[in-house]
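Protein sequence lines correspond, in order, to chains X and P. Position in the first sequence (first residue = 1) + 371 = the working numbering. Position in the second sequence (first residue = 1) + 371 = the working numbering.
Incorrect hints may appear among the rest.
Same chains, same names: a pair is fine if it fits in one copy or spans any two.
To be verified - Only pairs whose alpha carbons sit at most 30 Å apart, straight line, appear in this in silico DSS-like list of lysine-lysine: (1) K457 - K389; (2) K656 - K457; (3) K672 - K514; (4) K656 - K618; (5) K429 - K389; (6) K477 - K496; (7) K656 - K566; (8) K618 - K457; (9) K429 - K477; (10) K477 - K618; (11) K427 - K656; (12) K377 - K389; (13) K545 - K566; (14) K427 - K389; (15) K672 - K389; (16) K514 - K477; (17) K655 - K552; (18) K427 - K527.
Hints are computed from structural coordinates only; laboratory data are not their basis. Please read these numbers as outputs of a predicted model, since none were measured by experiment.
2 protein chains.
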Amino acid sequence: MSLPVKLHILGCHAATPKASTHPTAQILDLQNELYLIDCGEGTQVEIRRNRIRFSKIKRIFISHLHGDHFFGLPGLISTFRLLGRKQELHVYGPEGINEAITLLLKLGQSRVDYPLIFHELSSKKSECIHEDDRMRICTIPLKHRIYTNGFLFIEKPAPRKLNMEVVGRMGIDKAYFRKIKRGEDVVLDDGHLVKNSELTIDPPPPRQYAYCSDTSYWPEIIPLIQGVDLLYHETTFLESEAALAAKTGHSTAMEAARIAKEAGVGRLLLGHYSTRYRSLNAFKKEAETIFPNVLLANEGKIFEL
Amino acid sequence: MSLPVKLHILGCHAATPKASTHPTAQILDLQNELYLIDCGEGTQVEIRRNRIRFSKIKRIFISHLHGDHFFGLPGLISTFRLLGRKQELHVYGPEGINEAITLLLKLGQSRVDYPLIFHELSSKKSECIHEDDRMRICTIPLKHRIYTNGFLFIEKPAPRKLNMEVVGRMGIDKAYFRKIKRGEDVVLDDGHLVKNSELTIDPPPPRQYAYCSDTSYWPEIIPLIQGVDLLYHETTFLESEAALAAKTGHSTAMEAARIAKEAGVGRLLLGHYSTRYRSLNAFKKEAETIFPNVLLANEGKIFEL
Numbered sequence: 372m373s374l375p376v377k378l379h380i381l382g383c384h385a386a387t388p389k390a391s392t393h394p395t396a397q398i399l400d401l402q403n404e405l406y407l408i409d410c411g412e413g414t415q416v417e418i419r420r421n422r423i424r425f426s427k428i429k430r431i432f433i434s435h436l437h438g439d440h441f442f443g444l445p446g447l448i449s450t451f452r453l454l455g456r457k458q459e460l461h462v463y464g465p466e467g468i469n470e471a472i473t474l475l476l477k478l479g480q481s482r483v484d485y486p487l488i489f490h491e492l493s494s495k496k497s498e499c500i501h502e503d504d505r506m507r508i509c510t511i512p513l514k515h516r517i518y519t520n521g522f523l524f525i526e527k528p529a530p531r532k533l534n535m536e537v538v539g540r541m542g543i544d545k546a547y548f549r550k551i552k553r554g555e556d557v558v559l560d561d562g563h564l565v566k567n568s569e570l571t572i573d574p575p576p577p578r579q580y581a582y583c584s585d586t587s588y589w590p591e592i593i594p595l596i597q598g599v600d601l602l603y604h605e606t607t608f609l610e611s612e613a614a615l616a617a618k619t620g621h622s623t624a625m626e627a628a629r630i631a632k633e634a635g636v637g638r639l640l641l642g643h644y645s646t647r648y649r650s651l652n653a654f655k656k657e658a659e660t661i662f663p664n665v666l667l668a669n670e671g672k673i674f675e676l
Numbered sequence: 372m373s374l375p376v377k378l379h380i381l382g383c384h385a386a387t388p389k390a391s392t393h394p395t396a397q398i399l400d401l402q403n404e405l406y407l408i409d410c411g412e413g414t415q416v417e418i419r420r421n422r423i424r425f426s427k428i429k430r431i432f433i434s435h436l437h438g439d440h441f442f443g444l445p446g447l448i449s450t451f452r453l454l455g456r457k458q459e460l461h462v463y464g465p466e467g468i469n470e471a472i473t474l475l476l477k478l479g480q481s482r483v484d485y486p487l488i489f490h491e492l493s494s495k496k497s498e499c500i501h502e503d504d505r506m507r508i509c510t511i512p513l514k515h516r517i518y519t520n521g522f523l524f525i526e527k528p529a530p531r532k533l534n535m536e537v538v539g540r541m542g543i544d545k546a547y548f549r550k551i552k553r554g555e556d557v558v559l560d561d562g563h564l565v566k567n568s569e570l571t572i573d574p575p576p577p578r579q580y581a582y583c584s585d586t587s588y589w590p591e592i593i594p595l596i597q598g599v600d601l602l603y604h605e606t607t608f609l610e611s612e613a614a615l616a617a618k619t620g621h622s623t624a625m626e627a628a629r630i631a632k633e634a635g636v637g638r639l640l641l642g643h644y645s646t647r648y649r650s651l652n653a654f655k656k657e658a659e660t661i662f663p664n665v666l667l668a669n670e671g672k673i674f675e676l
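Chain X on its own, in the form it takes in the complex:
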């Protein structure tokens, strides 16, 4: 069994933080290793409130340098120091993020005692920004008022699973198991070749999560996010404010749903709501006129992939 992949919403509202709605921040729990995506003001408080362990956060991804996605980062980086962090922290974000954090730390004459490693992004084409044995993470260039990236998290395929019934019947030695899980065929002692497909069954399909915020309606992302299990797409406005959405570099619920439909994603998760709307149901209803599997992000909610 593969470990769960979970998305924990800490904040999913646009612009100004309020007492009960928080600016963008979410935790992607990838097989028990946590990635923080965006970090609006107050994110560290939401991390505490949601009982997430700071030490499990390995990497932080910042989409763009508007305050509601970024102004919680200086405080979080300071808090890691106060909590005695020793392990590396990797921060991915637009050019300038290093200068900003470095200046704020310098003004406070504060040094971090742990390795703080910035990966500054400036490409307007999708690029792979991290890869390890579990994950590959790529940017999704978005169209907003300033340079902005979404992020695509692609799980690596798990090893193939042994079909123990067949393996046992053929008397295949344990020494071959690792090779078989990697997908290789086996030559038996009598010289007979057994195809891997006879010996194994498919592992669970690798999971993919695409985070797209903030952005105008931008069909260029469709090839990048084709078929992902879960797409978080911003919907600051409803279609009735389409002109305002276009002007401010945001999307409507209907536009988010069009992207989801064209990209053939599994489920569409809406968020980054303008606080002008009292109820979120209108976002879901509007998106469902285009695409059936619509979820609403909300502070504190957890979605499993």
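Fit chain P to the known structure of chain X by using the hints.
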């Protein structure tokens, strides 16, 4: 009757913001004009939670550039813009504060639409940084790990009050009233001089508030804060952690009380507690062994001067 002077505590804990304790921020309500003193992360949410009107905030005073006194400022400045502020905002704080805010706004390609005026401080001697017909505001140089100022708010004396019984009996014309309120004597039609002290009574004494955070025990401030009505003095630690207080540039409750006693202040208000302490009563008890009139700051509390 003079308008009330009130101090509204938004946050009074050291270091990291948590769900129920907030870093330093307080609102001094000076005859219905609001001054914000320090601005830790999340201050704008506390402003909302305490139903304080953003538009009434005229001036912001930042003691020093550690995150727990400053990291809420970029977001607050952005929120003022989103709320359509047009009036001037004056920000007083250490050298570098302008560069920091300007860089963060530039990275977000955000401009403020209202006049944002920085008054950068670098003097190690007390200086008057603002004066108008109601108030004079001076710095209180403190001793912390980095350049830090407290702030002294001194109300201007109100006009003298007419003793209407005497004024009526002497038949003094209304035309003289303004002069008399200013403290001048009056020469009657018969050439007789009436001393101002016969015609007026003392107005209520002007109120004074001194804010001192963060600081080591630093008796050099005593002449500056002599006799103020209310002294807010930090007490990050109890005397049992005196060595840690000295090392980190903070004070104990006993040290705060010593300052209050030597300066002969009216009341001592404690705050900037380390979150290591479960209960605040120990701070009060410790300070009361030295000085009798001790108050405890707490999130949401209002103190009248």
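How the hints compare with the structure:
1. K457 - K389: between (33 Å within a copy, 22 Å between copies)
2. K656 - K457: This pair counts as neither: shortest intra-copy Cα distance 47 Å, inter-copy 38 Å.
3. K672 - K514: Only inside one copy: K672 and K514 sit 27 Å apart there, 45 Å across copies, limit 30 Å.
4. K656 - K618: Within one copy only: 24 Å inside a chain, 59 Å across chains, cut-off 30 Å.
5. K429 - K389: Answer is both; intra-copy 28 Å and inter-copy 21 Å each pass.
6. K477 - K496: between (33 Å within a copy, 23 Å between copies)
7. K656 - K566: neither (50 Å within a copy, 80 Å between copies)
8. K618 - K457: between (44 Å within a copy, 22 Å between copies)
9. K429 - K477: both (23 Å within a copy, 28 Å between copies)
10. K477 - K618: between (37 Å within a copy, 20 Å between copies)
11. K427 - K656: neither (36 Å within a copy, 40 Å between copies)
12. K377 - K389: The answer is both: 26 Å in one copy and 24 Å across copies each meet 30 Å.
13. K545 - K566: Within one copy only: 17 Å inside a chain, 112 Å across chains, cut-off 30 Å.
14. K427 - K389: Close inside one copy (27 Å) and across copies (18 Å); limit 30 Å.
15. K672 - K389: Intra 18 Å, inter 20 Å, cutoff 30 Å: intra and inter.
16. K514 - K477: between (33 Å within a copy, 19 Å between copies)
17. K655 - K552: Classified as neither: same-chain Cα gap 42 Å, cross-chain 67 Å, threshold 30 Å.
18. K427 - K527: within (20 Å within a copy, 55 Å between copies)
Hint compliance for this structure: hints 2, 7, 11, 17 are broken, all remaining hints hold.
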